[in-house]
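First to last, the protein sequences are chains G and D. Residue numbering for the first sequence follows the numbering used here, beginning at 1 and increasing consecutively. Residue numbering for the second sequence follows the numbering used here, beginning at 1 and increasing consecutively.
To be clear, the hints were calculated from the coordinates, so they are not data collected in a lab. Note that the Cβ used here is the ideal one computed from N, Cα and C, for glycine as well. Don't take every hint at face value.
[Stated by the list, open to error] Chain D stretches covered by chain G per the calculated footprint, using a threshold of three residues with CB under 8 Å from any CB of chain G:
no.	segment
1	83-89
2	136-147
3	152-161
[What the hints assert, rightly or not] From the derived model, a few chain D residues whose C-beta atoms are all more than 10 Å from chain G:
no.	residue
4	Met15
5	Ala117
6	Met120
7	Ser194
8	Thr206
9	Asp209
10	Ile229
11	Ala232
12	Pro245
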Amino acid sequence: MSQVQNQSLPMRGAAYIVENLIDMMALQRAYLSEIDGAIGDGDHGINMSKGFSQARTRMAGRAQTPDLAAALDDLAMTLLEGIGGSMGPLYGGFFLAMSEALSTQGELNAKNFGAALSSGVDAVQDVGSAQVGDKTLIDTLIPARDAYHAALEAGQPFAAALDEMVAAAKQGQESTRMLQARLGRASRLGERSIGVLDAGATSCYFILESLAQSVKQGLTAQ
Amino acid sequence: MNRVINDPDLVVEDMLKGYVRAHSDTLSVAENPRVIVARTAAQPGRVGLVTGGGSGHEPAFLGYVGSGLLDAVAVGEIFSSPTAKSFHDAVVAADGGGGVAVLYGNYAGDNMNVKMAIRMAERSGLVVRTVVANDDVASAPKTEIAKRRGVAGEILMWKIAGAAAARGEGLGEVIRLAQKTIDQTRSVGIGLSSCIIPAVGKANFTIPDGQMEVGIGHHGEPGIQVTHIRSAHDMADLMLDIILPDLPILRGDEVAVLVSGLGATPLMEQYILYGELSRRLDAEGVGIQRPFVGNLFTSLEMMGVTVTLLKLDDELRDLLAAPCQSVGLSVGGER
């Protein structure tokens, strides 16, 4: 039986995309904290995993399974409620903007996923002040967004554009290893921050990778 | 580490329990346990005043909830910003329909959480504006004044804005006065020893015995100079040499002076320093209108002091003299 590659999936029934994000964050908890411990306060994995897992409780509290936009809203609100510091507002802002961009859509397709991704990246840039090269999650997000849109413009299908996004995110994440932190707690270490991955850029790669895998799964599973 | 605590991970929760029990006559805790609300909050039509920040600076921030001051405060973990939801809930608690002013200090985490809190509040139709305090002269050069951090000068911003709100001024006017106050305020700190976050268990910076760090931040952010310890006389001169030319404050000006201990410096020494500041300001021909001395904005058990000067004019002088009552600061009336 050959699998048909669809170009869209219904928003209703796509809450599993957020559930997969929550599962992924629990799996990466120890690794993210280990990276953060090298130049930060070592709690990135713990905070992220705690925040994401609380979103599961919020989603379970709904009368019916939420559609993707509502599930993203649940995740955003949980992060804004549960994580102080900078990761709560940055990722909360990211998922809230994605949720708002998708809230009127009946199905997820290459075009509105791209719009939601751009909107999420805009929100992160608006909330924070980081530029590419500052050794933050922006180093993952910007190249990922740009690669996704470049692939679409080149006429590639949804799944292939997602692959391009993930490849660029990985490169962006890896680029933080040789960067010197200019913002956040790690910036106080100056040159000592060079040689270690940024924890935020790394969790951001995991998030984009999980989003892409889940969407592709939905495109082939129908 | 000799401390009066139960669980190092729960010091903020445990402090809030005691705080609300001790001061239940004037404040209460919101549905969100990280939001403290004045009993006088949310009066119909009056502008609401909100701040928030990390714990460990007591009596800041929650100590300035009260009449003629703040209506609600968002409480974070030690030295860590409150969540966006807590800032949002503080805004909701403070709103009496006249809009809400969020007056807070310039730190990356607070900036981001306040921004998201406003986005959440706007969803429910609330009108919110902000002023970001940046009074710490040593934290960035004057050419990058927007990068400076907010420290004890925030107390004077809350005092002036609180008096304006109590007088019935609208949101635009309260914001203008808060911004003007912080624009005319300059602070600098000297650190003599480090501090330990209970859950961390060890100091994350050190100041060697016999040394002092000029320009140190409220969380141990590096200062501009580490030098051998000086007399209170010389410390006063050193601090005023940094503050006075920055605004500048000149002969014939009038200022409010606020001296705060950082937690472990005795009040005796704070008054010794105030005496020296007063000597120097007299010599400069700068008049002192209203001094405040005490542990007003601390950093756990750090040894050291901060000095804040606010250059006054007629409207600021009147608002500073207006009555207020809170755990951290009371002016006029009975206490």
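Hint by hint, here is what the structure shows:
1. 83-89: holds (count 5)
2. 136-147: Not satisfied, violated; 0 residues make the cut.
3. 152-161: n = 0 at 8 Å, threshold three: violated.
4. Met15: The assertion about Met15 of chain D holds, with a minimum of 16 Å to chain G.
5. Ala117: Incorrect as stated: the minimum Cβ-Cβ distance to chain G is 8 Å, not above 10 Å.
6. Met120: Not fine: 7 Å to the nearest Cβ puts Met120 of chain D too close to chain G.
7. Ser194: Correct as stated: the minimum Cβ-Cβ distance to chain G is 14 Å, above 10 Å.
8. Thr206: 14 Å, holds
9. Asp209: 23 Å, holds
10. Ile229: Ile229 of chain D is indeed farther than 10 Å from all Cβ atoms of chain G, at 24 Å.
11. Ala232: 30 Å, holds
12. Pro245: 28 Å, holds
In summary, the numbered hints that this structure violates are 2, 3, 5 and 6.
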